[in-house]
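Undergrad: Each chain, written out:
Protein chains: 2
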Amino acid sequence: MRFLTFLLTLLLLNAVVAQEPIRGFSEEAATVQRALEAGYDSALSAEEMDGWMQRLSARPHHAGSVATEEHAEFLSELMESWGYDVTVEEYDILLPTPKIRELELTAPTTFTATLTEMPVDGDPSTLQYDDLLAPYNAFSIDGEVEGELVFVNYGVPADYDMLERYGIDVAGKIVIVKYGQSWRGIKPKLAAENGAIGTIIYSDPADDGYAAGDVYPDGAFKNETAVQRGSVMDMPLYPGDILTPGVGATGNVDRLEIQDAPTLTKIPVLPISYRDALPLLSAIGGTVVPEEWRGALPITYHLGPGPARARLKLEFNWDRITIYDVIARLEGSDYPDEWVIRGNHYDAWNHGAADPISGLVAMLAEAKSVAALANAGQRPARTIVYAAWDSEEQGLIGSTEWVEHHAAELDRHAVAYINTDGNARGFINIAGSHTLERFFNQIARDVVDPQTGVSLADRRRARMLVSGDETQRQEVAERDDLRIAALGSGSDYSPFLQHLGIASVHLSFSGEGPGGSYHTLYDTYEHYTSFRDPGLVYSDALARVAGRATLRLANARILPFEFTGFTDTIELYLSELEELADEMRTETARVNALIDDGIYDIALDPTKPLGPPKAESPVPYFNFAPLSNSLQLLQNAAASFEHALANGDVRENELAELNAFLYSSERLLTREAGLEGRPWYRHHIYAPGFYTGYGVKTIPGVRESIEQRSFDAVDSQIELAASVLGDMAERIEMAAGYLDP
Amino acid sequence: MRFLTFLLTLLLLNAVVAQEPIRGFSEEAATVQRALEAGYDSALSAEEMDGWMQRLSARPHHAGSVATEEHAEFLSELMESWGYDVTVEEYDILLPTPKIRELELTAPTTFTATLTEMPVDGDPSTLQYDDLLAPYNAFSIDGEVEGELVFVNYGVPADYDMLERYGIDVAGKIVIVKYGQSWRGIKPKLAAENGAIGTIIYSDPADDGYAAGDVYPDGAFKNETAVQRGSVMDMPLYPGDILTPGVGATGNVDRLEIQDAPTLTKIPVLPISYRDALPLLSAIGGTVVPEEWRGALPITYHLGPGPARARLKLEFNWDRITIYDVIARLEGSDYPDEWVIRGNHYDAWNHGAADPISGLVAMLAEAKSVAALANAGQRPARTIVYAAWDSEEQGLIGSTEWVEHHAAELDRHAVAYINTDGNARGFINIAGSHTLERFFNQIARDVVDPQTGVSLADRRRARMLVSGDETQRQEVAERDDLRIAALGSGSDYSPFLQHLGIASVHLSFSGEGPGGSYHTLYDTYEHYTSFRDPGLVYSDALARVAGRATLRLANARILPFEFTGFTDTIELYLSELEELADEMRTETARVNALIDDGIYDIALDPTKPLGPPKAESPVPYFNFAPLSNSLQLLQNAAASFEHALANGDVRENELAELNAFLYSSERLLTREAGLEGRPWYRHHIYAPGFYTGYGVKTIPGVRESIEQRSFDAVDSQIELAASVLGDMAERIEMAAGYLDP
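In order, the protein sequence lines correspond to chains P and A.
So in this note's numbering, the last one in the first sequence is 746, and the numbering has no gaps at all.
So in this note's numbering, the last one in the second sequence is 746, and the numbering has no gaps at all.
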């Protein structure tokens, strides 16, 4: 009975799916497009993707390695063979590699960290480690430091507030910090801001090790020797080559002196395994950590400082290297000056089967199928640019340099940027510009999940219904479209979206293919096909999603940007900001009153070091009216545009102008001056958090001013955000004006 | 400035404190009583308590041991020397002690559990283990079983529901289960109900071991050899001697055959240390446990079943032994037939410094000071009975047998029962009959916290403001009295309150003296004075609280029962029940719809064993009106009584009758027939949970019918609860009638 209902639901859903129009296409054109997409799908081959993955993940291939140069050649030959116009664009960037890495416990006992990952039985790739860069954090400064250890949990701002309550100052100390909760680069940044002299980062088994699940090779999770490499440059300031902010790192541009690069860390930092962390953490004394700080090593975690002391010595080769972005162009038949850009990096910290090859092979399959269609006479109407980026791992360097280098052209021609990166079995994740939310929801309804046979949208909705919180369940019930997430940072969309204001979307599947191999020796073909996506079934699904997006963006007569969903999300962000301010105001007043009344002094254990929190300045009321006013304008404009689109059409001679108005609307969300203190980030709706790193801050000028208690700045930040949204509303009204009823 | 405010607050508070009248006393009498209490306090000596603790915790002294017999003698001589009329009442009970304990891992590797706790450096008491019973669970049946292991988390009902979703059946298997979340006796009970053949219980270091804090002797928590002993009799059915339910186990009463005793476990059960658990848990394979099930051993936890197999063999000496309750009586000067009963057990699983000596020494100090006052001419008006109970640890046996034995007298004479047991540094906990809530709140406002100098009530309120949730903070803001907790089970108040309906209160301090020693070799004087309450400062505070309670109950002209607070709490319970039903109804409907619509089939990972939950019968609407009506009667009655008390007085010749009406009002909350399926438990407002053990279920007939989805029974249970509350309301109105304006 239940199965029958299930089947019936499926049938009904499929029937509905088949009838849905495609945004930007007439009914007729939609029929043609769907036939094209069927052809597109049929040329995709998971087997071929598997072959590419085997080849591309056979050896470690970090930026600057021999393998990477070979990969660039292989990729450009492949793309060229399919009919693309390929250029390999070279940039000359600074890329530190490890020279000396020493970490010792010097008191109360001694121990020398191994800093080495061990090959494992059953995975021959792990024996291929000659080219592998030893575990390190790129853009740590050189240095030798010795001092007492302090355990700082995840090393986020709240952790330092808590340490202050314990009377613990990290000044002059080396902090040991867990991976997780913030982007890794935030950890040494905050440690240095608090006066620490060195940072040791490790993966606690509670988060990524035996506590989370079986460890490699028995399971997906980190074994005791695994170390997460990764960049620690201050990416929330600017990504890309640290010597050439804002300009492409071609041969002859002005460069900063290394020591003047503001995105270098201020103190040395090294990542280690939990095997190496154990003796260090065991030796730390002092107060037992708060319950929420505990990890899963078989010890009592203490805060320190000391008696454990460590010596950390790091030296790097500060070499300038050449990196290679592979750019493959397929000129559009009708609108060659409108570019749909599609990218995935190909460099890896390691063998990179998951990160980034699982996404790259989907892009290759897509590019091959799109080219085949073109070769068979179904050339896309707009120009498609496929980009395989180099040196993403060190700080989105390949993509950032290319975007900075080609900024003027991109500003004119770029319709949208679609990014992928690592992938895994599971549920579709769509994140990016909300003006493309409806567009991607249509695709998620059109593509079928390979495991369950329902649409990707339905599977994601089912998961939200089963595992989501009240808010998510309500959203599923009340909203036709899945709300897409906003983008912070962490992959190559950042320069497109946040520096140039090109509408961007990042696509991936996840949730059923556990990680653990991330940036370790173990991100191999064997790991990937055992645990993350056996058979590359979801690389195939990713190619279906991203390929549809590319082809629909390329072929839609009127570009499929949509503004009511965007406006709905802006409304949500505005209400979040108002709630944030209200909650902070109430909570600050509450806690300050408790402090003033001596309630903490009465409540806290007088024999323990934990003291009251420090009193905070009260939270004033802010003038959110400008944002509310802009929101109202947006609501009207979005509705007008939808109405005009449903009831009118654009004259052929104004089509290009309308489309340019549409695709450049995202540019209006940026301001030339950028965000306060970090001008590279120009987008005023989406930015990576200054103290979270990858994590997004929406309407960042306002949100971060409130969160960081820069209350004096809030009202002016509200005005800035309101002004970009007002410009957007005006633009949408103008676009509606092109549509004659 | 802040400190000044703090000082001023203190001064103001103390000024207020000094002026508050005492419930049940005229203004004049209150002045006399406060002077008496000052005298009472001044005779208390923490040093003397320390001496008694050293003596009474020098050796293990479980029921039936030589040390216990000596303790009974010591206690009765002491009390006699102070002027009490002492009897030692003997009961003849069944008490199994361990004969054979064998636990082996038999596959896939072998390991023999040590089942032994090791002495530690720095604690000479831990070398005194000759008389110590080896770690075991009393009232496990004998048996030898061999089978595959299944890890069942805490072994509560929700855990078995989750196992069912994983397709795991424990039938024919041995379960290994963590201590915590439910009373230990529930674990083998539920395991057996689910078909398991044996139960192994261990303390996971996440809950009580190195993860929680430093381990003994460096800290308070369980070291790797520590094992929690404890009774596993089915106490939610009835406590006390398993052979003589409902009657005192004197020499000549009828006894059940051992094999017919329903409170014996159905399967063998043994507690072990985490050192012994590690090889067993490491050997379990199968699916990785859900995240919330993880412990802190350095392994990946798996559910099983197998490949780990274990053999468990247990045999016990099924001996009848004599136990000794020490009963010390001080006849009241004015109302000798009204008894205030005050108890604490003296038997221990071990040395018992914390459990129960820390509470017992407070009771001894109290008894000594009360006797000294009596000897100096300030004899209490009512009779005070001090009871030192034997064999609490095995199932409240000493107290239960005494209560059953003396039920008729107690029913007539018992005004109230005040219990204490283990104590520690920290915050006052008051739990019990809500008709005494206001009375105990006055005491909590009158006694000063020894660490901070504010009243116990203010310190508790401060803690709720600092660490409490929204509800608790609101309660502090809106309610003059701290809401006292309801009593489930776990100490000797149970027979008084739940079998006979004698208003009872359990008192303790906790929150700043961590456990870990509980029921292990390490519950020693050294542990207690190092970690739980150095200087026995809080045993002294406990004596101040309990002594005031005893003396005020003994001397109040009109007994200090109060019904508006009681009514307010009944209102809360009623709203909780209504919310429980509503939430279950909504949640059941929601989950059933997801199951019916196949949403789980879409959302869950098709490669993993976790399936959808099973559909549940829908939750009907219940008729809560009878409870609402009784609540209304109670509200009126409670208000009348308070009004009458404020504006009138009782005639001297009716005083005894009024007081009897008041103190026996709690009896009206019981019904002779008891709770459905467990007639020993007669109280219809407070009972230990049938599937939680110690944890209280308020209005248990209704609450457990809803929770256990016996929906047909709910309306009739509502009527029963409404009827006892209606009787209570009538009684209160009658009591008010004695007070002439």
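Derived from the structure by calculation, the hints contain no laboratory data.
Ideal Cβ positions, reconstructed from N, Cα and C, are used throughout, including at glycine.
A couple of the hints might just be wrong.
[What the hints assert, rightly or not] Sample of chain A residues facing chain P (criterion: CB under 8 Å; computed from the structure):
no.: 1; residue: 83
no.: 2; residue: 149
no.: 3; residue: 150
no.: 4; residue: 303
no.: 5; residue: 467
no.: 6; residue: 468
no.: 7; residue: 716
Undergrad: Now, for every hint given, state plainly whether the structure supports it.
TA: Hint by hint, here is what the structure shows:
no.: 1; hint: 83; verdict: violated (32 Å)
no.: 2; hint: 149; verdict: violated (32 Å)
no.: 3; hint: 150; verdict: violated (29 Å)
no.: 4; hint: 303; verdict: holds (4 Å)
no.: 5; hint: 467; verdict: holds (4 Å)
no.: 6; hint: 468; verdict: holds (4 Å)
no.: 7; hint: 716; verdict: violated (23 Å)
In summary, the numbered hints that this structure violates are 1, 2, 3, 7.
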